[in-house]
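Chains as they are written, first to last, in the numbering used here: chain A, 10 to 344; chain B, 10 to 344.
What the hints contain is simulated information worked out from the structure, not anything from laboratory work.
Be careful, since some hints might not be right.
Unchecked claim - Distance windows between CB atoms, simulated: (1) B:G304 / A:P59: 37 to 47 angstroms; (2) A:P59 / B:Q55: 31 to 41 angstroms; (3) A:P191 / B:E233: 37 to 47 angstroms; (4) B:E61 / A:R323: 34 to 44 angstroms; (5) B:E233 / A:D154: 54 to 64 angstroms; (6) B:G208 / A:R323: 38 to 48 angstroms; (7) B:G304 / A:N119: 42 to 52 angstroms; (8) B:E61 / A:D193: 20 to 30 angstroms; (9) A:L127 / B:Q55: 38 to 48 angstroms.
Stated by the list, open to error - Computed footprint of chain A on chain B, listed as stretches where at least three residues anywhere in the stretch have a Cβ under 8 angstroms from a Cβ of chain A: (10) 182–189; (11) 324–334.
Beta carbons are placed, not taken as given, at the ideal position from N, Cα and C, and that holds for glycine.
Number of protein chains: 2
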Amino acid sequence: MSETPAGRHQAGSSGRPLPMTSAEEGLPAEVTVYEVGARDGLQNEQVVVPVEVKAEMVTRLHAAGLPAVEATSFVHPKWVPQLADAAELMGLLVERLGDAARRMPVLVPNERGLDRALDLGLEHVAVFGSATETFAQRNLNRSYDEQFAMFEPTVRRAREAGLTVRGYLSMCFGDPWEGAVPLDQVVRAGVRLLEMGAGQLSLGDTIGVGTAGHVKALVAAFAEAGVGVDRLAMHFHDTYGQALANTHAALQAGITTFDASAGGLGGCPYARSATGNLATEDLLWMLQGLGVRTGVDLDAVVATSAWMAGQLGRPSPSAVVRALAEPGGLAESGA
Amino acid sequence: MSETPAGRHQAGSSGRPLPMTSAEEGLPAEVTVYEVGARDGLQNEQVVVPVEVKAEMVTRLHAAGLPAVEATSFVHPKWVPQLADAAELMGLLVERLGDAARRMPVLVPNERGLDRALDLGLEHVAVFGSATETFAQRNLNRSYDEQFAMFEPTVRRAREAGLTVRGYLSMCFGDPWEGAVPLDQVVRAGVRLLEMGAGQLSLGDTIGVGTAGHVKALVAAFAEAGVGVDRLAMHFHDTYGQALANTHAALQAGITTFDASAGGLGGCPYARSATGNLATEDLLWMLQGLGVRTGVDLDAVVATSAWMAGQLGRPSPSAVVRALAEPGGLAESGA
Numbered sequence: 010m011s012e013t014p015a016g017r018h019q020a021g022s023s024g025r026p027l028p029m030t031s032a033e034e035g036l037p038a039e040v041t042v043y044e045v046g047a048r049d050g051l052q053n054e055q056v057v058v059p060v061e062v063k064a065e066m067v068t069r070l071h072a073a074g075l076p077a078v079e080a081t082s083f084v085h086p087k088w089v090p091q092l093a094d095a096a097e098l099m100g101l102l103v104e105r106l107g108d109a110a111r112r113m114p115v116l117v118p119n120e121r122g123l124d125r126a127l128d129l130g131l132e133h134v135a136v137f138g139s140a141t142e143t144f145a146q147r148n149l150n151r152s153y154d155e156q157f158a159m160f161e162p163t164v165r166r167a168r169e170a171g172l173t174v175r176g177y178l179s180m181c182f183g184d185p186w187e188g189a190v191p192l193d194q195v196v197r198a199g200v201r202l203l204e205m206g207a208g209q210l211s212l213g214d215t216i217g218v219g220t221a222g223h224v225k226a227l228v229a230a231f232a233e234a235g236v237g238v239d240r241l242a243m244h245f246h247d248t249y250g251q252a253l254a255n256t257h258a259a260l261q262a263g264i265t266t267f268d269a270s271a272g273g274l275g276g277c278p279y280a281r282s283a284t285g286n287l288a289t290e291d292l293l294w295m296l297q298g299l300g301v302r303t304g305v306d307l308d309a310v311v312a313t314s315a316w317m318a319g320q321l322g323r324p325s326p327s328a329v330v331r332a333l334a335e336p337g338g339l340a341e342s343g344a
Numbered sequence: 010m011s012e013t014p015a016g017r018h019q020a021g022s023s024g025r026p027l028p029m030t031s032a033e034e035g036l037p038a039e040v041t042v043y044e045v046g047a048r049d050g051l052q053n054e055q056v057v058v059p060v061e062v063k064a065e066m067v068t069r070l071h072a073a074g075l076p077a078v079e080a081t082s083f084v085h086p087k088w089v090p091q092l093a094d095a096a097e098l099m100g101l102l103v104e105r106l107g108d109a110a111r112r113m114p115v116l117v118p119n120e121r122g123l124d125r126a127l128d129l130g131l132e133h134v135a136v137f138g139s140a141t142e143t144f145a146q147r148n149l150n151r152s153y154d155e156q157f158a159m160f161e162p163t164v165r166r167a168r169e170a171g172l173t174v175r176g177y178l179s180m181c182f183g184d185p186w187e188g189a190v191p192l193d194q195v196v197r198a199g200v201r202l203l204e205m206g207a208g209q210l211s212l213g214d215t216i217g218v219g220t221a222g223h224v225k226a227l228v229a230a231f232a233e234a235g236v237g238v239d240r241l242a243m244h245f246h247d248t249y250g251q252a253l254a255n256t257h258a259a260l261q262a263g264i265t266t267f268d269a270s271a272g273g274l275g276g277c278p279y280a281r282s283a284t285g286n287l288a289t290e291d292l293l294w295m296l297q298g299l300g301v302r303t304g305v306d307l308d309a310v311v312a313t314s315a316w317m318a319g320q321l322g323r324p325s326p327s328a329v330v331r332a333l334a335e336p337g338g339l340a341e342s343g344a
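Extracted from the complex, chain A is given alone in its bound form:
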C-alpha cells in the first residue's frame, strides 16, 4: 500500500477518519457525556500522577466540551493515595478556570469529604454506594444499611447548602460474590438515594458482566417504580467487551447520560482482566455515528488521552485512541 488512507469523504481536521453519520430512529437527539477519567479512572491507575498533570488533563477535557468532568474524590488518602492531592488539584483548577472549576463534580464519600467541598465553594458532589451487601462491606467497610446511614447526613447537608448530589450505585448488574443482582434490589437501593435527595443515579455495571437485554430490563424496572430516564445515568465497564452494546440498548431505552473515562483510564491494555470504564472516545465515536449530539470535540479528547498515555508510560486501552493517535502526532504535540 503506497498511499496513506485518508478518508476523502469524511475526515477529521488531521485527515484521520471520522465515523460516518447514519442516524437511528427513536434515539435521543442529544446526550450528556459525564467524564470520570480524572477520578474513577486515575484512582485505578498504579502510577501516581503529579497534580499539575491532573490539572492539565481536567482543563483539556473541560475545553474539549465535556459538560461534566468529575475532577477528584475527597476520599481519605489512606484509601486512595492517587487522590491525596484532591484539595490542591481543586485549588489549581479554581485558579485556572474560576467558577467553571467550582461547577465540576467531585466525589464525597462522607461528611468530612463534603466539608472539604463546601470549603472550596464547589457546587456538585457525588456519593458512592453499593447495590449489594457484599460489596458495601468490602468497598465501604459498612453493611448495606450502614452505607445509607453514612450518606443521609452527607446528602441532606449538601442539599441544604444548595449543592446537587449524584448517587453512584455500583454492582447494579452482577456482583463477583453474589452473582446476578435482582432488578428490584437495585431499584430499592436507587430509590433510597433519590428519596434522600440525590438528583441523579449513576447505575454501574462495575464488573462489566451485563448485556443489552439486562440494561433494558433495569431501566424498565426503575420506570415501574416511578423513576424515569431523566433521573438515570449509565456507567458501563468494558471487561467483557459489552459496554457499547449496552450503551446502544440504553439509548434505545431513552437514557441520556453516560459515564465514560477519557482514554479508558483505569483499565490496563496488558491486563488479563481489563476492568476499566468505557472509553470516552469509543462512546463519542458511536454517538457521532448515530447522529446523537454531545457538544464534545472527539479529536480534542483523543489528543488529551494520547498525551495522558504518554504520562502513564503505556498505550491507551481505548480502541479509538489506539486507532487514531499517531506517534509524533497528537500524542506528543500537546495540541
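Knowing the structure of chain A, use the given hints to seat chain B on it.
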C-alpha cells in the same frame, strides 16, 4: 479482598462468571456463529503457525460446537505465506474428522483455488470481493469489474459441482481511500455476487468505522433490493470498538449469521490500530446474555483461544478471553 470472586449464582464449570441471561424482545431466537479465526485471523498474524497447531485449533473450535469453521484459504503462498499449508491442513483435518472436515468452508480466490478444493472433495467455498474500486485494485490487483469476471467462472463451476458459495464483500461501510461507501454501491456489488450463484453474502466492515444506524440502513437497503436477511451475514471489526454495538443493531434488524474470530485472532492487543475481527468469545458472551442460542460452548472456545495465545506468545485481544483465562489454568491445560 481476601476471597476469590466466584459468581455464586451463575458460574461456568470452572467457577468463572457467566453472562446473566436477560432476553430482549424482537431478537432472533438462534443465530449461526461463522468462525473465521483460522483463515481471516491467522492470515493477519505475523508468527507463522505450524500446521499441526492449526489442525488442533480447528479441531477444537469444531468440537466447541461452532457450526461453520472456515479452515483456510487456497490463496497463492506468495500472497499469504501463513496459509501456504492449506492443502496439508485440509488433509490432516480430513484424516481426523472425515466428512466433517469436508464440510468446513475454505476461501478460494479464483479457479485455481477452486480446483484444489474440488480435488479434496470439499463442499463449501467462499470468494472474497470488494465493494469499492480502490480496495479491489489494492487487495486483488484488479478493477472493481475485473474482480467479478474472476469470480464468475469460480462461482459457476463450484455451483455446477454441487458446492455452496459464500460471497465476502469487504469495505461495506467505509473505505480508507474512498471514505463512506454509499449503500446502493454495496447493494449492487452484493446483488452481482448473489446473481452469480453465491448463497450468502458476508458484509464486511473491514476498517471498523461503521456504527449501529449504518448497519440498520444497509440491511434495509438490501431488503429494498429484494435481498432478505436470510442471505446476509455480518462481519464486523473492532477497530473503533463498535463491533458488538453493531452486532446488537444487526440482531434487531433480523440478521442471524455473524462472523467472528476466536480470541480476536488477527488483531494485536499492543497495536495502536487493532484492526482485528470481532472476537468469537465477546460475541458469544453477548448472545448468551441476550438468550440467543448458538449451540457453542463458550468455555471451550475461551480455552482454545487461551491456548492459541500461548502458541502466538502474546495475550488475546478478546476482552472475554483476557477476563476469563487464568494463568496456569485454561491457557496451559489444553483442556
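Results of checking the hints against the structure:
Between B:G304 and A:P59, the C-beta spacing of about 53 angstroms breaks the proposed range 37 to 47 angstroms. For A:P59 paired with B:Q55, a C-beta distance near 38 angstroms keeps the hint of 31 to 41 angstroms intact. Judged by the Cβ atoms, the range 37 to 47 angstroms given for A:P191 and B:E233 holds: they are separated by roughly 44 angstroms. For B:E61 paired with A:R323, a C-beta distance near 35 angstroms keeps the hint of 34 to 44 angstroms intact.
Range check, B:E233 to A:D154: Cβ separation about 58 angstroms, and the 54 to 64 angstroms hint holds. One distance hint, 38 to 48 angstroms for the beta-carbon pair B:G208 and A:R323, holds here, with the actual separation near 46 angstroms. Distance hint check for B:G304 and A:N119: the Cβ-Cβ separation is about 51 angstroms, which falls inside the suggested range of 42 to 52 angstroms. Between B:E61 and A:D193 the Cβ separation comes to about 53 angstroms, which falls outside the hinted range of 20 to 30 angstroms.
At roughly 57 angstroms, the beta-carbon separation of A:L127 and B:Q55 lies outside the given 38 to 48 angstroms, and the hint is violated. Residues of the region 182–189 of chain B with a Cβ under 8 angstroms from some Cβ of chain A number 7, which satisfies the need for three, so the listed coverage holds. With 7 residues carrying a beta carbon less than 8 angstroms from a beta carbon of chain A, the region 324–334 of chain B meets the three-residue requirement, and the given coverage holds.
Going down the numbered hints, you'll see the structure goes against 1, 8, 9, while the others check out.
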